[in-house]
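Work out the full structure: start from the sequences and follow the hints.
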Amino acid sequence: MKILLIEDDKLLSEGIKSSLMQRGHQVECFYDGEQGLLAMEALPADIIILDLNLPKLDGFDVLSQARAKGVTTAVLIITARDAISQRIKGLDSGADDYLVKPFIMDELEARVRALYRRANGRSSNEVIHRQIRIDTQARQVFLAQEAVVLGRREYDLLLLLLDNKAKVLTRGQIEEKLYEDEPLSNALEVHVHNLRKKLGKDLINTVRGVGYIVAA
Amino acid sequence: MLLHKLKSIQFYILCCTFFIMLMVGFAMLLSASVELKHEAQEVFDAGLAQSALLVQALLPKNSQNSSTRTLLLSTESELSASILEQTAAERETISYYENDTVIIIQSAAREKMVAENKVILLPIVTKEGFSRQFLNDELWVVFSLLDTERNLWISSAQQEEIRSELSDDVAMTIIPAFAIGTLVICIALFFSVRKGLSPLYRISKDLNTRHSDNLTPISIDNLPSELKPTVISLNKMFAKVSLAVMREQNFTDDAAHELRTPLAAMLVHLDALPDNLTRKALYQGVDNMKKLVNQLLELARLSPTSTDTIELIPIDLHSIAAQVIAHLYPSALAKDMSLELMCEPKITVLANRTLLEILLANLVENAIRYSKNKDLIQVVINRDKQSFTLRVIDHGQGISDADKQKVWSRFYRCNQSAATGSGLGLSIVQEIAQLHRGHCDIQDTLDGGATFSVQIPADSSSKR
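Going down the list, the protein sequences come from chains Y and R. All the letters of the first sequence, read from the start, carry residue numbers 376 to 591 under the working numbering. All the letters of the second sequence, read from the start, carry residue numbers 81 to 544 under the working numbering.
Keep in mind that the hints are not guaranteed to be accurate.
[Unchecked claim] With beta-carbon atoms standing in for the labels, derived distance ranges:
| hint | chain 1 | residue 1 | chain 2 | residue 2 | range |
| --- | --- | --- | --- | --- | --- |
| 1 | Y | Leu432 | R | Asp483 | 49 to 55 Å |
| 2 | Y | Asp467 | R | Arg327 | 28 to 34 Å |
| 3 | Y | Ala590 | R | Gly365 | 24 to 30 Å |
| 4 | Y | Asn561 | R | Val321 | 55 to 61 Å |
| 5 | Y | Arg583 | R | Val321 | 46 to 52 Å |
None of these hints come from the bench; they were simulated from the model. Glycine included, C-beta positions come from ideal geometry on N, C-alpha and C.
Laid out in structure tokens, this is it:
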């Protein structure tokens, strides 16, 4: 995908650029707010990575002016400031995600991908995890090429967990996404139990008292 | 001298005043009694002389012819004086008391008469006019005159003691009046000094009750002019200190933030290196630095000036703990550990959300860092009426009793070789607990390892 990177620190900028290019993305770098704003307006891009602390024009101003001029591209803010007020201000001025420095490249790329997916829908119709393959268009699940029959909730739960691989989802988060109403107290446990029975015992880890995780 | 060990201004003023009053009073008493005595002596002397002259004038004229005895007898009757314990035969002297005055009339051949007198020892008059003589061990003032016509000595005498009685009495009446006066003045002084010093008391109370981190200036309204300069310089000092604290805080904050960008650059460039041991080591180093920077920021956020304004809102402990654990679970998973939360759903407490998250994250990170692979780490949250307790239980190498106190201090690490932490985590935990008026403790886990517990009163908002 095509990424605009607006970051004044040359060393960081080069690092991100080469790393993202290694991963098959096109990256263009800009080093101050004014340049960045012009680029955002003029250049077509899938994702914009924007530093907040920029010379000439502050990142917040770049973002709000770009949004005012009709730039709708997804923006990921990278910043050294992690105060909650700053986060809220960033998201309020039109950012789509917020990443605090320092970060590892995997995380940056994962965020970029997630943003892209959110903006453009799932990039492919397949989700693959170890021996499990999901055809999201047909809503079909295969374990080692064998079709597995899942209930509606079980399918949704599996997809949710796989979309958030290596991340603990708390019960609250899962229940909010899966059920419209307040679920029965052990409904989630039953679904997890069924998924384990059908797809393998060690697919889903329980984090006792917290929620569930699918290890990467 | 006294000022050197001045303990209480009020006490000092009272003592001084009392002492001065005492000295002045004593001097007044002394001068009054001397003056009175002098004046009284003059009055008495005049009286004495007058009495003697009066007696002389009253004596019968024919004394030249009659015997002394007859004369005395007639004098006796004429004056209707009381005869003092003398037999008639020996009545060659008569004594006459009036107004404490004794009148003595004796013949000029007094040596004989004096010898004959047994009761009243007559003054041995040697000259005309005033004299002082001891009789019966008592001092008498005697006025004598020689009646040459009748060849008689006429003396009037008064006991000195009686003469001074008057002046002493008058002087003595001053003492109670003076004592009452002194007392009244002292009491009045006590209250007025107290009232006068009340602004001082107010300031010291203000300084005593304020939080040690409160550097706001003291109000100088309604202060007496003597105290204003002191309070103004105190306020200036407060301002200076608060500026210094703010600078330090800003510096830590800025420095930590500025460090984040180069750290990010290092991390990003590390990604380009081939995956080998060197990269792992470098990555570990950068990661440690990242943690240190984050903790410095947390410390800066906790620093004094922000303590008075920590915001307490009702929060759900379960959801906070779940989020912290969810966030840290991947690093536990990397070491194949289990991380458990034991907490009933919906425990609502009044606390600062961000700070509590930092506290819990630090404890759990610590537990992960110091536990062995495949260990179990438990986060247990209980609450009762007065307080809630967070416990992070690990089954790692544990902490020796000697280290249990030290681990809370900044940059302290128990096991220098094995540690990868910054040594700031627990001091941050402690500061956050204290901001919530709670306290931290370390126990041994029953089957090995350490249990860190933080107890925070349920109503941590009351009086900080």
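Tested hints:
| no. | hint | in the structure |
| --- | --- | --- |
| 1 | Y/Leu432 - R/Asp483: 49 to 55 Å | holds (52 Å) |
| 2 | Y/Asp467 - R/Arg327: 28 to 34 Å | holds (30 Å) |
| 3 | Y/Ala590 - R/Gly365: 24 to 30 Å | holds (26 Å) |
| 4 | Y/Asn561 - R/Val321: 55 to 61 Å | holds (59 Å) |
| 5 | Y/Arg583 - R/Val321: 46 to 52 Å | holds (49 Å) |
Of the numbered hints stated above, none is contradicted by the structure.
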